[in-house]
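Q: Residue numbers (the working numbering), protein chains in the order written: chain H, 1 to 303; chain V, 1 to 303; chain Z, 1 to 303; chain C, 1 to 303.
Just so you know, not all the hints are guaranteed correct.
Any copy, or any two copies together, can satisfy a pair, since identical chains are not distinguished.
[Unchecked claim] Here are the simulated DMTMM-like cross-link-like pairs (lysine to aspartate or glutamate), alpha carbons at most 25 Å apart as the crow flies:
id, residue 1, residue 2
1, K5, D56
2, K104, D148
3, K281, E145
4, K77, E292
5, K178, E155
6, K281, D80
7, K178, D25
8, K160, E79
9, K281, D129
10, K83, E292
11, K281, E79
12, K104, D25
13, K83, D131
14, K106, D25
15, K160, E195
16, K281, E103
17, K281, D183
18, K160, D180
19, K281, D144
20, K104, D80
Worth flagging that the hints you see were computed from the coordinates, not collected in a lab.
None of the values given here were measured: they were computed from a predicted structure.
Number of protein chains: 4
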Amino acid sequence: MEYQKILEDIYEEIQPFAGMGNQADYIPALAKVNPDQYGIALKTVNGESYSHMQADTRFSIQSISKVFALAMGLSLKGEDLWKIVGKEPSGTAFNSLVQLEVEKGKPRNPFINAGAIVIADMLISELDDPDAAFLNFIRELSGDESIDYNMEVAESEREKGYLNAAIVNMLKYHGTIKNDIEDVLMFYFRMCSVEMSCADLAQAFLAFTNCAPFDYAGFRLTSSQIKRLNAVMQTCGFYDEAGEFSYLVGLPGKSGVGGGIVAVYPMRYSVAVWSPRLNPKGNSIMGMKSLELLTSYTQESIF
Amino acid sequence: MEYQKILEDIYEEIQPFAGMGNQADYIPALAKVNPDQYGIALKTVNGESYSHMQADTRFSIQSISKVFALAMGLSLKGEDLWKIVGKEPSGTAFNSLVQLEVEKGKPRNPFINAGAIVIADMLISELDDPDAAFLNFIRELSGDESIDYNMEVAESEREKGYLNAAIVNMLKYHGTIKNDIEDVLMFYFRMCSVEMSCADLAQAFLAFTNCAPFDYAGFRLTSSQIKRLNAVMQTCGFYDEAGEFSYLVGLPGKSGVGGGIVAVYPMRYSVAVWSPRLNPKGNSIMGMKSLELLTSYTQESIF
Amino acid sequence: MEYQKILEDIYEEIQPFAGMGNQADYIPALAKVNPDQYGIALKTVNGESYSHMQADTRFSIQSISKVFALAMGLSLKGEDLWKIVGKEPSGTAFNSLVQLEVEKGKPRNPFINAGAIVIADMLISELDDPDAAFLNFIRELSGDESIDYNMEVAESEREKGYLNAAIVNMLKYHGTIKNDIEDVLMFYFRMCSVEMSCADLAQAFLAFTNCAPFDYAGFRLTSSQIKRLNAVMQTCGFYDEAGEFSYLVGLPGKSGVGGGIVAVYPMRYSVAVWSPRLNPKGNSIMGMKSLELLTSYTQESIF
Amino acid sequence: MEYQKILEDIYEEIQPFAGMGNQADYIPALAKVNPDQYGIALKTVNGESYSHMQADTRFSIQSISKVFALAMGLSLKGEDLWKIVGKEPSGTAFNSLVQLEVEKGKPRNPFINAGAIVIADMLISELDDPDAAFLNFIRELSGDESIDYNMEVAESEREKGYLNAAIVNMLKYHGTIKNDIEDVLMFYFRMCSVEMSCADLAQAFLAFTNCAPFDYAGFRLTSSQIKRLNAVMQTCGFYDEAGEFSYLVGLPGKSGVGGGIVAVYPMRYSVAVWSPRLNPKGNSIMGMKSLELLTSYTQESIF
């Protein structure tokens, strides 16, 4: 497969979408990013690496961090994890409180904010130094020790994070959260603030292609657990656009409001794309289109 | 009208309900109240006073304070008040977040928690010393300088106040709240923590019978504004039991989770009753029954 | 009170609202009504009658019929009526299915469509000839034997009545409806199709001012039942504008999509107003404004 | 792969679940089925066939018919199909009206009742003889001319079909349905009434493994369209248990209230299982468990 040419062709073909949509601007650190950047990186299970444009520029991974947190949670708790968080698609926006109220404090899945916050709380309870553990985990996954939190982003998110503060208070009210509200919120925001490049993310997600035993920084997952984590990404990774992504791209994936999207084709490849301009659902416009074209050109996708 | 005998007869007749229901126990200060207390007080526009049992025992007025806050708000803002809060019955429980989410941060009415919190925020913006102003207002209304906040209750509420913290964060997210979240929450909880007796409350609500010009501690309301305030009590004063209270008692009224209920018969009388045991909707069981019997015996009610 | 002059002044003052809004046009029979008509009639408990403009022109009473059905239902069933229908304000639009689904087939109150349909079903079960009984009842109430159903309107409503058909099927699914779906729907639509003038309605609603024993065509209500029926009108008579009407007008009332509104001041007067142009909530714009001015000018209102 | 042995082992292993749950009993024709039946059939793209127990007993396919209707719809309309129906998971039960109301008459996906009804309406508009066309399509897919509607079941469903009648009226109200309500409902119920065996269904769904060009009875789908149809099954095939099935089984699939479940492993095999006893979500208990074990034993699944 001539992946390099395909990545380059995709970039040409999505140019009509350049300039459409706006980047997230609810915090200064995201608002000041140049919105007209683009990068893509693909890594195969055979060790090949392909990339185009700004594949090495780091950006705020935001909700993509929820996959790493889920992997740690599954490793620590196994099937018991699903006692505190569901695995059904939410059918509503990522930050909805309505559904939370109806379901008495058990978030629908690990990829809506409420679900990730519940997992953050559990990691705090289980780990001696959750900040260090999370960082070690993604550094080992991506093989790059320089990956780090962006504390300015994390603090800025906290300052404006009224909706997530509402969610965490609601969860605390329902008894779902065990630790101090501020501790949970700040750990959640730190995880979201991590900065990685497309190349970093593609490398990290290669571990989720299930092509080799998963054992990073002490967190182990069985082949079956990785399959199941991918199943959750497939049905829940894109909030109320999960069906659309599944339909157009046909791969399990996860997006972040920083403009990044990752996707995994089990036993074949991982891919990461980044472009800050978002559609109204909060997903990168050029990123979505790139992955749709990728699986269309390569004919390599699950669906 | 032989009110004194009626109050005594009512007390006899409601004895079968004694011991039914439980008091609010979400904070220690409320949980430790002896639940088997009862008091009732009625004051007429002619200056007559009637009472029975523990009419002088003070208790936590809780949501009854929302009427005082609304009166201050109406006095300060007039019809503009309804730009920040609605006046429609909520059709849901007092602490629902669902409706708030659907309606983009404008609470349905001043008597659900979200609505009272929005008014608390406005009072903070408008008044130099809102704590003192609120206290002066209710002291003048009830003619008793010893009425005060219970700081232990207020702080205890804050400590356990996750749901109200969720609401205030949600309102802040929607831009409805101007002041610091903690300041708003603490002022709201202080207002709820005020302790008054049935006699105090009956005296204070006599001002809402519209039998004399309303001018207390600098807060003035026109006769028309008092009518309208009563209209809002009639339709919204009992959360999702507003229709039931309107149907059974036929007067505008307001209840609090401390077990108190006040009601007003314009141009005739005000009445306050208290008993800590609550029905599942959060309203005093013996209090509701007492007022139903009162308007049934006297045949003096609007509806 | 110079009611006649007040009615005339009101008409002058509401002229700026002439032409605002549109009439209901979901069926041809309503769409073809001249929207620029207006009538008002007021009757006092002392036997005085006042009216202005087209007070004798008949129009489709539509949802105002729900008050008559409720009166018949209360007379037949007493308090047992509330086993099949609630009495809480709905907080949502008159034709909402959402709330019905959540509450398992028990409509929130008798004035939303679902509630009136449940009462229609009960009347069919209880009465030998419900069509004749309903007509007799309102003919006696208004003292006019010429009042009748408009069968063209009723059939036209059925033809386009998909939403009400959805509601009645939903109720049947929940077991709330005992009779044949088509029979219930057609009886409901016939009741809505009745044509009355403002003068007819004012006369009919004089019976609800509680100034004399209620006994019409065999249907009797106690004074207490009439009070309670008024209480339900006060809290639920205007769908999701119930609080607004209660606030601005301060009387129990009921509106219909044909542009009619009735209101009752217990022990004083009844009033009916009609103008076909509606606000977005489905209530007559000039009608609402007229009643707001009436209670403002006369200072005669509950709230 | 020793599929035959695996099917037999599965049957042994699920015995502890025998007798759990109840069959659907809302119509007599389903209520009278012996609930303690079980069959399973698996067909590979290489032409191998495996089965166990009552794999040739026919049962009511019910909602599995929605996949056939979607295939016909996609073939007729292509991407335009998504103008009338969405492709997002619903997050609620299969028969929810709430979501329909919120989203103004466009059903969330083709596998909730509302979505399938919209497709039924479209098929009536597009096809000369939709009844014959549907039957021809599934007869060709399964290679068995004896497959047929069960008219008794269809009529019985119509008789008790209040909820679906509510849905179709709601859709008509929103203008989503073009044809006569009764015609649409009856065609929908006829499709649901088709009776097939596990062997029939496994054969029919082999066409969705994408191992050969799809062209049956004049309905053609491209390889890409089949992928996308599978993507919709993966995210939406099991109502509010879609995430659970995706997680446990890891294959796109569809269930019916008759107790049947089909699943597809693209390019490998199709499988159908049947057992009438259902879990509270309306999915076959032994069927779900069988497929979970199948993908666990074979290690052949997407996720």
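Q: Hint compliance check: list the failing hint numbers for this structure, sorted ascending.
A: 2, 3, 8, 9, 17 and 19
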